[in-house]
Each structure stands twice: as structure tokens, then as C-alpha cells.
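Colleague: Listed below, chain by chain, are the residues.
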Amino acid sequence: MNHITARVAWSLGLILAVIVMCFTLIHLAPGDVAIVIAGDSGAGDPEVIAEIREDLGLDDPFLVQLGGYVGDVAQGDLGTSYRFNEPVTELIVTRLWPTFLLVGTAVSFAIVLGVLVGVFTARRPESPISHGVTVFSLTGYSMPVFWTGLLLVIMFASNVQWFPVSGMRDVRLEGNWLEEWIDVAHHLVLPAITLGVIYLAQYSRLSRASMLEVLQSDYVRTARAKGLAERRVVYKHALRNAVIPVVTVAGLQFGQMLSGALLVETVFNWPGLGRLAADSVFQRDAPVLLGILILSSTLVVIINILTDVVYRLIDPRIRVGGASQ
Amino acid sequence: MRKRLLALLAILLSFAMLAAACGDDDDAGGDAGDDTATEDDSGDDMDDEPAEDDDESTADMSDVAEEAEGSDDGDSGAVDTGPVAGGTLLIQSTQVPRHLNGTVQSGYATAVPGTQLNASPLLFDENFQPQPYLAESWEIADDGLSVTLNLVQGAVFHDGEPITSEDVKFSLETSQANHPFKTMFAAVSSVDTPDDYTVVINLSEPHPAILLAMSPGLLPIIPEHVYNDGQEIKEHPCNAGTDCFVGSGPFTLAEYEAGSIIRLKAFEDFFIPDRPYLDEIIIEIVPDPASIVIGLENGDTDLSATLGGAANVIRLQENDDVIVTADGHAAVGPIQWLEFNLADPALSNVVVRQAIADAIDREFMSDVLDLGTTFPATTGIHPGSPFHNPNTEQYGAGIEAAQARLADAGIDPGTISLAIDYIPVSGSQLAYAEYIVQQLQDVGFDAEVNTLPDFPSWAGRVAAGEHQMTVNNVWNWGDPVIGVHRTYLSTNNVGVIWTNNTGYNNPDVDALLAQAGAEFDFDTRVDLYAQAQEIINQDVPMVYLNTPPFWQAFQPRVQNPPIGIWGQLGPMHEVWLAE
Chain A
1 MNHITARVAW SLGLILAVIV MCFTLIHLAP GDVAIVIAGD SGAGDPEVIA
51 EIREDLGLDD PFLVQLGGYV GDVAQGDLGT SYRFNEPVTE LIVTRLWPTF
101 LLVGTAVSFA IVLGVLVGVF TARRPESPIS HGVTVFSLTG YSMPVFWTGL
151 LLVIMFASNV QWFPVSGMRD VRLEGNWLEE WIDVAHHLVL PAITLGVIYL
201 AQYSRLSRAS MLEVLQSDYV RTARAKGLAE RRVVYKHALR NAVIPVVTVA
251 GLQFGQMLSG ALLVETVFNW PGLGRLAADS VFQRDAPVLL GILILSSTLV
301 VIINILTDVV YRLIDPRIRV GGASQ
Chain B
1 MRKRLLALLA ILLSFAMLAA ACGDDDDAGG DAGDDTATED DSGDDMDDEP
51 AEDDDESTAD MSDVAEEAEG SDDGDSGAVD TGPVAGGTLL IQSTQVPRHL
101 NGTVQSGYAT AVPGTQLNAS PLLFDENFQP QPYLAESWEI ADDGLSVTLN
151 LVQGAVFHDG EPITSEDVKF SLETSQANHP FKTMFAAVSS VDTPDDYTVV
201 INLSEPHPAI LLAMSPGLLP IIPEHVYNDG QEIKEHPCNA GTDCFVGSGP
251 FTLAEYEAGS IIRLKAFEDF FIPDRPYLDE IIIEIVPDPA SIVIGLENGD
301 TDLSATLGGA ANVIRLQEND DVIVTADGHA AVGPIQWLEF NLADPALSNV
351 VVRQAIADAI DREFMSDVLD LGTTFPATTG IHPGSPFHNP NTEQYGAGIE
401 AAQARLADAG IDPGTISLAI DYIPVSGSQL AYAEYIVQQL QDVGFDAEVN
451 TLPDFPSWAG RVAAGEHQMT VNNVWNWGDP VIGVHRTYLS TNNVGVIWTN
501 NTGYNNPDVD ALLAQAGAEF DFDTRVDLYA QAQEIINQDV PMVYLNTPPF
551 WQAFQPRVQN PPIGIWGQLG PMHEVWLAE
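If you read the sequences in order, they're chains A and B. 1 is the number of the first residue of the first sequence in the numbering used here; add one for each residue after it. 1 is the number of the first residue of the second sequence in the numbering used here; add one for each residue after it.
Derived from the structure by calculation, the hints contain no laboratory data. These numbers were taken from a predicted model, which means no experiment stands behind them. Glycine residues also receive a C-beta, built at the ideal position from the N, C-alpha and C atoms. Misleading hints may appear alongside valid ones.
Stated by the list, open to error - Sample of chain B residues facing chain A (criterion: CB under 10 Å; computed from the structure):
| id | residue |
| --- | --- |
| 1 | GLU255 |
| 2 | GLU257 |
| 3 | ALA290 |
| 4 | ILE292 |
| 5 | ASP300 |
What the hints assert, rightly or not - From chain B, some residues computed to sit far from chain A (all C-beta separations above 12 Å):
| id | residue |
| --- | --- |
| 6 | VAL351 |
| 7 | ASP446 |
| 8 | SER490 |
Unchecked claim - Just so you have them, the derived chain B footprint on chain A, three or more residues with Cβ under 8 Å:
| id | stretch |
| --- | --- |
| 9 | 84-95 |
| 10 | 232-241 |
The shape of chain A in the complex, shown without the other chains (with noise of 0.2 Å):
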């Protein structure tokens, strides 16, 4: 308990480091966010451009500027943005289910599915199909997530016109709850699969690596002397240790996968984060992009130390060794 504890005080120090080296790398990067705010509007006049610096409280001094929102973050709020003109927190909110959903998607399709492979194929591990994973495994995991993304919106939505080419729902559908469920299940198909295939490579070759070793000790070796069925060797006694490294992999991976996710939804036009992340870049969108990224990495630390918390329910030992500590 004092270990999570610890853990926690140290993430809410890392989380502020972040926010003011975010904060700060962002007022370094040449160029001017009035100036883009006033593009928008087709205007090149210095009163519009000084009304909007002024409105953003862009002409106080970068302290003033970093301490104000500090302040702010710390009661909540995480400024307007400059492009959308609403709340951070309401933009964030509403782009966060999408996200999620896509996110969750993805990896539940590539633990589930890159363990089941892993196992098969460590079970047999010089069989053809088991080399065919991994042929496959190396494919997914070279390939460049937009590419892939590309590759199959162009063969499954614009060639053969089985899922739809990009967003979230079909915005002329008005349906029943179920249909409109249906709708988004059919719109996160290619997506999750773009997102996921890189990752079910890394999960299948991890797990096959795991359970490879697992299958060599001791206590599985035991376990069959008492005659135990095979099956049960497996799915029971190894696999519990084997997914320990992926569990790690998979916590560690949240945050790439979340920055997979910002190219996903750029190229299924998924109204997620990730798509919310690179606008915000593009037009300098501060408030925005700093809100984002303080709440990726909060939920990198508490992954992270769900992580902890997943590794002492597995494992025992550890549990054990903490409490000895």
C-alpha cells in the first residue's frame, strides 16, 4: 500500500514537470497564434491581431502566463481553446469515448488475439503456421500504421465498399440505439484493426517467447509428472506466467499507443483525441494541446501503476516481496 502510495506522489511531481516543460516548449515555437487565429478570418489587420492577443492574454509575460495556468489546471480548468472556441475540458470529454473506444478496441483485439497465437504457436513451435505468425507478426509490426490504414481503406472501403472510408457513424443514419451501435461497430472495424495489428505482432511474438520459456520450467514440467492434462498445463499454469510480460509491455505501450491512435484517427477521420492532438498542432491550438498531453501522460502513470497493482494480483512473489520490504 505504501508503495502505490509512493508511487502516486511521485506521479502528481512528474505530472506538473510535464506541464511546465509543455507549457514552455509550446511559448518557445516560432510564430504567432494570433496571427493564425486572424488567417482564419481572411484578416490582415494589427487591431484584430492585437484584440486577439490581448483576448488570450498572449502579451503577458511567459511567467505570468505559465503561473496563471498552473493555477488554473490545478482548479480544473484547462483553458478555451484558441480554435474551437469552447472549453478545453468539453472538447476533451467529447473526444475522450471515441478514443477510448478506438484504444480499447484495438488492444483487447491484440492481447486476446496476439496471446492465443502466441500460445498456439509456442505449443508447436516449428510448425508451419507457426512460422507463418511469424512472417505475419514481422509484416504488421514493419508496416507503418498509416500505411496500413491507407492500404485498407483503399482495398475494404474504396474497392470493395465493405466498411466506410472514414469517421465514427453514419451521419445521415437516424436510428434506434442498436442500429446506431451497429453503425459505429461497423466504422471502428478498420480502424481498430489498423491500430491493433501492430501491436497483436509484438503481443503473438511476446507471448511465444513467454510461454517458450515458461513451458521449460520446473513446475510445468511437474505438473505434467502429476499427470495433469495438457490443456490444463497450459491455460492454467503456464499462461498465468507467460502474460506477466505483456501485461508490462501492454502498460508501457499505453502512450504509444495512444500516439498511434492520433495517426489512426487522422486517417479514418475518428473524432477521437488523437485527431483533436494533431489539429491542435497544426494551428497552434495551446490550450488544446496542453490539455491533452496533461491528460495522456495521467493516464500513462495510472496505467503504469495499474500495471504495478496487475503484476502483485499475477504474481504472488511480488506481492510477497513488497510486503517483506
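Take the given structure of chain A and dock chain B to it, following the hints.
Modeller: Then chain B, alone, in the frame of chain A:
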């Protein structure tokens, strides 16, 4: 067995590659990042098949557009029946609005939905002549110092409240105080409302631009009873809130999700009987033009004017099921040019500028670099505008002519180093810059392209006058007073983009523009602007490169598509869908 499996995998991979390759030849250089800056948006998004060589480089824009294969007036659906009411029009756009209140926010992204949600006093026909809308008639005083509007009686806002002269006065004053285009209503000294349906706009000096400034995209009539509540109007929650947005236009706001979707429903009590035809317009924000193109090809998307690069337009033109046109948006009037910083010692010499102009082959740029999807520009006023002068001095005589011009002036180009900037989000502008550098090197200049990371960096550099030359994209915005004067008036060299960034200073041009800006007589204005364009072309503060049309693509079922002078920046109450 193993070999068979590997062979199977290889076949699957090959199939994937083949399917991708056969799908299309997407334009990787398309302007996915389009939504950075409105003035830049139309830039490279043009298409059509390569335009035929035309000896008359000054040909009228609409003529050229009609010649372009694939262009269509919008009725090519060959529908015999009359207009049919009903249906949903799905528009996809890369443009993201900040909100929907056009009295305080200009730009394409706001104007497309904004002009559906709010009506304006006037509409304009293809000759830029005013037509009735919320104002059924109007009169200009003989001395040009007032404009009287007689409003339609019985028009109501979306909440049922009547639209009165007080609302027009409030909208105009709000726009005057807050709209980024300060010149639109700068001459308005006061607004009188003698009765509920009469508005008298008093001017401090004759200001003919006020008519075009009352276009749908520039003066939406908003309800005073909603917005005059003491809240800061730029941040007003009703600027985009579906629960409180009240407009005066043919459609109501049913759904607004920032950066994603805008759903508009027909307003049953719209003041024009039996309009709009459509039940619904959905504007879906799609950042990637390639996705929009696929949606058009699949028949899912009805209409779009943000198609990305030239390759996308050409690809759509090759599709018999989609209509592609360059018609429309003449009042928006985008023009791309190479502008000089006249504070630069070398470029302050008009001979150097003329030599650079000679070295640039605009026909080549439009036909080859833009694959025929742009049209050579000859002045700073869009060829679709009645104020365009098609008879100004032109350059482009070639490399040898440029060298001869320099030699005659005793200038050794080898002693001059030149760097060309361009708007970074624009793929086409990079190609322009690279081409121009090549031409200038052939003349003998030491030339190079200066690439900046993003739009703000470019804008900051140009605004600060740190550049030598830059490719730019500037819009006319209807009347020259709004979008043209700003570039040439010597008093408007104010250190921000899209003003007089060249530092151009010619008292004769200042005087001509001042006269034209205060002259109500149409023919006299045309003559004054013609003179100004002539002088400017002799001075060469910039080399006009091309006019990039707003290529629009739509399904044949879309009738009366928005191809007026404001294009999609105008109301679509006349648009209908064939069954």
C-alpha cells in the same frame, strides 16, 4: 507444407499490394493540412484536365472554366422534373469553424454553415449585381451618403420573433465593431430605423463597397434579443450552441459538434415561400481530402469544395458519376502571386523585378505544375470580378528577355542572391518556389528556396518583413475595398500578413484606389480600378501567378449547386436533390 504456406502468405501480400495499387493514385501532395489558413485554402485544390493552351492569357475566368473538361453548370443530372422538396445534402469539408456567428468571425469555415443559418440583406447575381433577400428593395442617396433598405415584412427568426430594422442595425453595428474586415463598414457613421422595416445606413463618405458587404457571408442578420444580453459577443454561448442558436436563414442548427459535424434542418417559416427545398444539410468535417474524394466516388458524399490537390480533382473528373466544376466563388477571388519585399536593396529595383517576371512562365506553371487546374492570373483583381482589367502590361517573355533586360540596365544577376519563401502547408506552392528558383538560376541569379516548418513561422517572417520574396495566396473578398486595397495602399504597410507586405508605395495608386473606393458610379469605378491595375503591373510589386478556382465536386442528383459568385458561402435554399 511449409513452402505451400509461405507461398500462400506471399500471394496474400501481393494481393494486398495489388489492390492498393489498383485503387487509385492518391495525391500524396494534396493539402491535407488545408485548414491552417483560410486565405490559403483554395490554393492548390484545383483540378480539371489540363486546360488548353490559350493565346489570350487574359481570358475571362468563367470562359476558361467552361472550357475545362468536366466543368458543368450543375444541371447535368438531366432531370426533367421540376424541383423536388426533401432529402439530405451531405457536404464534406476540411474547414473547421471556430463558431457560426458571421458578424464577428469571417472565413470560409464559418461562412458555409453561417449563410445557411442566417439571411443577409442582399444576394448577388453572377454579374455582382445586388438582388433582394431580406431587403426587398434598397436605394442609394444621390450624394452617396446613405443607403436605405426596405425589409421584407413577415420574416421571422428561428424562434418566431420578427426580423426588424433594429436587428439589422444591431447586426451591422456588431459587425462594424467586431468583424475582422474593418473596411467593410468603416464609412458607416450611424444607422437609423424610422420604422420596423426601414433601415437607413448613413455614411461619412460615399462607400460603394457597402452593397457587397451586405452579402450573406459578410453581414448575417442576427437576433438582437438573443445577442444583446450583455455578454461578450465573440464568446457568446449562442454562437454555436444548439440549445440557443437563433438565426434568420433557411436552415436551423440541429447539431453542432466542434470540428466534426454541423447538422442543419430546414426552417419551415423561412420568409421565402416553399424554400428551402432540402430537409437537411449535414456538413461533416473531414481533415483528409483523400477521404472526401473516396466518399464522392462511392456516392456517399453529395458535395465538396475542398478536394485537395490537382490529382484529386483530375481523378474525380475521370469519374463519370461525379460532376466537377470550377464555376463559382468568383467573389471570394483567390489569387496566388510571388510578392517582393521592396525594402530589399536588389528587389527595390523595378528592372530586377521585371526581369524576374519575365523569367516566370505562368502558362507552364498552370498547365504543368498544376496539371491545368489553375488559370494564369494577370492582375490583383480576380478575372471573375467586373473590376478586373484584362488589358494590363504582361511579362513572361522568357529567360533571354530577362537577361537582356538586366544587361540593358547594367545589372549583373550573379551579384544578386534571392531566397523564395512559400506558405508551408501548400504542396503546390513548394513546386512553384522550386520552379521559380530554377528559372532565376537560369537567368543568372543566385537563388534558393527557403522552407519554413509551418504556417505561423511563415506568417511571422512575412509580417516582420524578414523575407525577400514569397509565394502568397490572397483573396479578393467581393469588393476590392475589402480584399484588394489592403495589398497596395501605402498606408497599410502595418506589419501583419495579408496587408501591404511588399512595402509598395505609389501615390497615384493610392489616389486611384481612394477614388474608386468612394465612387458609386459603376462604370467610373471600373475605369479607376483599370488604371490602378495598369500602374501596379508596370511597377511589379508582385508577379501574379494564377487564380486557383474552388473546384467543387458533387453528385448528379444535386440540382442548383452553389456556383454563384460566393459559391458555398451563400444560402442553399434553392438546392434540391433529384430522385
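Colleague: Each hint needs a verdict: does it hold in this structure or not?
Modeller: To see whether the hints hold, each was checked on the structure:
1. Below 10 Å, beta-carbon pairs count as interface contacts, and B/GLU255 has one with chain A at about 9 Å; its hint therefore holds.
2. For B/GLU257, the interface hint holds, since its Cβ comes within 10 Å of a Cβ in chain A; the closest pair sits about 7 Å apart.
3. Using the Cβ-Cβ criterion of 10 Å, the hint placing B/ALA290 at the interface with chain A is satisfied: the shortest such distance is roughly 8 Å.
4. With its C-beta approaching chain A no nearer than about 9 Å, B/ILE292 sits inside the 10 Å limit, and its interface hint holds.
5. With 10 Å as the threshold, the beta carbon of B/ASP300 comes within range of chain A, its nearest partner Cβ sitting at about 7 Å, so the hint holds.
6. With a least CB separation of 29 Å from chain A, B/VAL351 remains clear of the 12 Å interface cut-off, as annotated.
7. With a cut of 12 Å on Cβ distances, B/ASP446 stays outside the contact zone with chain A, its closest approach being about 26 Å.
8. Non-interface call for B/SER490 relative to chain A: holds, since the shortest CB-CB distance, roughly 15 Å, exceeds 12 Å.
9. Here's how the stretch 84-95 of chain A fares: 5 of its residues keep a CB closer than 8 Å to some CB of chain B, so the rule of at least three is met and the hint holds.
10. Figure legend: the stretch 232-241 of chain A, annotated as covered by chain B; annotation inconsistent (0 residues with Cβ-Cβ distances under 8 Å, at least 3 required).
Violated hint: 10 only; the structure is consistent with all others.
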